[in-house]
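S.K.: Sequential numbering from 1 applies to the sequence shown in this note's numbering.
Careful: at least some of the hints might be erroneous.
Stated by the list, open to error - With a cut-off of at most 27 Å between alpha-carbon atoms, the simulated DSS-like pairs for lysine-lysine come out as follows: (1) K167 with K408; (2) K450 with K229; (3) K189 with K372; (4) K372 with K229; (5) K450 with K485; (6) K434 with K408; (7) K450 with K434; (8) K408 with K450; (9) K485 with K516; (10) K189 with K167.
Calculated from the structure, these hints are not laboratory results.
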Amino acid sequence: MAVAPLLSAAASTPRPFASGKTAVIIPFENHSSAPGLAWIAEAFPEIVEERLSSPSLYVLSRDDRLRAYDQMGIPADLNPSRATIYRMAEQMGVDYVVLGHYTFDGRTFTATAQLLDMNRQRLSAQVHESGPLVQLVDIETLIAWDLLRIVRPEFPITREGFRLSAKPVRLDALESYVRGIIATRPPDKRERFQQAVRLTPDYSKALLALGEIYYAERQYDQAISTLNKIARTDPLACQAKFLLGLSAYFRGDYTRATDAFEFVASQLPLTEVGNNLGVLAARQSDARALGYFQKAVQADPADADYRFNLGLAYYRSGNLMEATRQMKEALNLRPSDLEARSFLDTVSPQANRVLQPGASQFVIGAPLERIKRNYDESSFRQVVFEMEAKAEQSLSTDPRAHSEFHVKRAEELLAQGFVIEAERELREALALDKEDAAAHAGLAEALECKQDLIGARAEAELALHLENSVTALLVLTRINLKESKTEAAAESVRRALQLEPANPSALALEQSTRAKLAEKAQPMSNR
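From just these sequences and the hints, can you work out the full model?
M.R.: Right under this line is the structure:
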């Protein structure tokens with residue numbers, strides 16, 4: 001089939017959405033003759049990726065796209081042809097490709113986008129959004145909503161609701177950040193990222209990018225200070241903490257480095273992170289180093305560095321025979337490793353000796369364990385995403401069970417503080433079953449965390465309309481207390497305790513409500 005006719009064909013009637021899909025967003029083409037707007041091409045992937053990502057749609061990052069470009073020999077700043085994009089998407093194995101362009105006539109900015117369905121080999125009809133240039137972020141957000149409606153015609157969130165629920169981004173901060181990622185000189189990148197952070201101090205993408213610049217320049221104190229500003233609940237937290245851990249390690253702050261890597265390990269069980277925890281344990285003569293390195297080799301026996309580290313750990317524990325075996329394995333995997341060969345030559349003659357643990361750890365010339373300086377979070381998350389998609393697929397014939405799957409996952413996310421991700425899961429649940437009271441109650445809790453008290457109250461009341469819910473009643477209690485509706489708060493917490501008399505949150509709220517009522521009952525003269 002010819003590529004050109006394939007990419008010009010309009011999509012036919014939308015089919016039901018299947019979970020577990022992947023997408024990549026190509027920078028939009030600049031069709032405007034107005035100067036100074038080229039940066040917007042890369043702004044679209046940045047914003048649309050954030051808005052499109054959901055439990056059912058995994059959107060590949062800019063780094064993923066650039067790796068694909070590099071493998072095909074495409075310069076990062078080139079606008080590839082549709083035929084090239086199609087071949088690249090085939091190579092990446094994605095389900096959808098987002099294509100688009102934009103124009104500006106001096107007054108109105110207009111964006112146009114299409115969705116290429118790789119499985120059906122069809123382009124969707126075009127979607128358009130326009131407005132003043134200062135509303136660029138809203139326009140990009142609404143483009144994402146339009147695309148979601150193509151993928152999922154039953155998408156439950158209204159256009160305005162979707163726009164309002166999106167995390168706000170200052171346009172000038174976005175411009176500074178995007179100009180930073182497309183700059184080619186490190187000093188230019190640093191200046192742009194610093195400007196973005198000055199404009200929006202909690203702009204996590206800019207903080208991470210700036211932290212990466214400082215780390216590359218070996219300005220470890222600045223890197224630690226910058227990366228530490230990214231909240232642990234932020235989607236970029238694992239990347240930030242991994243880099244912070246490396247910065248602290250090279251700074252010699254092993255306690256802070258361990259804390260950072262332990263956080264990443266609690267979120268992502270990556271072999272590289274476990275290895276680094278082993279390196280830090282070894283630096284502090286912690287016997288747990290051996291266990292970390294054993295697990296790393298079990299997870300990836302073909303990594304020469306893991307074998308090398310395990311060999312050193314056995315050496316330091318006095319097991320010279322096993323140390324020799326692991327060093328030989330490391331050399332088999334990487335014959336050019338001179339450090340491993342030199343150490344093996346030192347250890348081999350002693351292989352049949354048994355030393356006391358720790359007796360050999362101060363041998364002059366013994367090498368140091370090797371730390372991993374990068375890790376592939378994207379690939380890991382994609383594997384997890386695909387596994388969860390398969391689990392969801394088995395529930396596809398039972399909407400209620402499928403909805404409960406998302407609610408349970410949302411509860412876990414909320415418990416860890418991942419509010420945005422939890423909200424996405426709960427909206428997925430409600431798209432499957434609009435009468436799931438637990439999903440409405442959970443969404444009320446998530447919206448309350450975002451300080452959307454109007455939305456939280458509405459969802460809590462919807463949940464209670466369907467069935468009695470302690471979660472919904474406690475949300476209403478907290479909202480009523482914040483709004484000084486003390487009697488209403490007392491009533492909702494009373495109902496919650498009738499359902500669960502020993503609920504600790506309800507008991508604490510009951511005490512707060514009683515205190516507020518007592519304060520309200522005091523005569524004005526006594527206040």
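S.K.: Any hints this thing doesn't respect? Which numbers, in order?
M.R.: none
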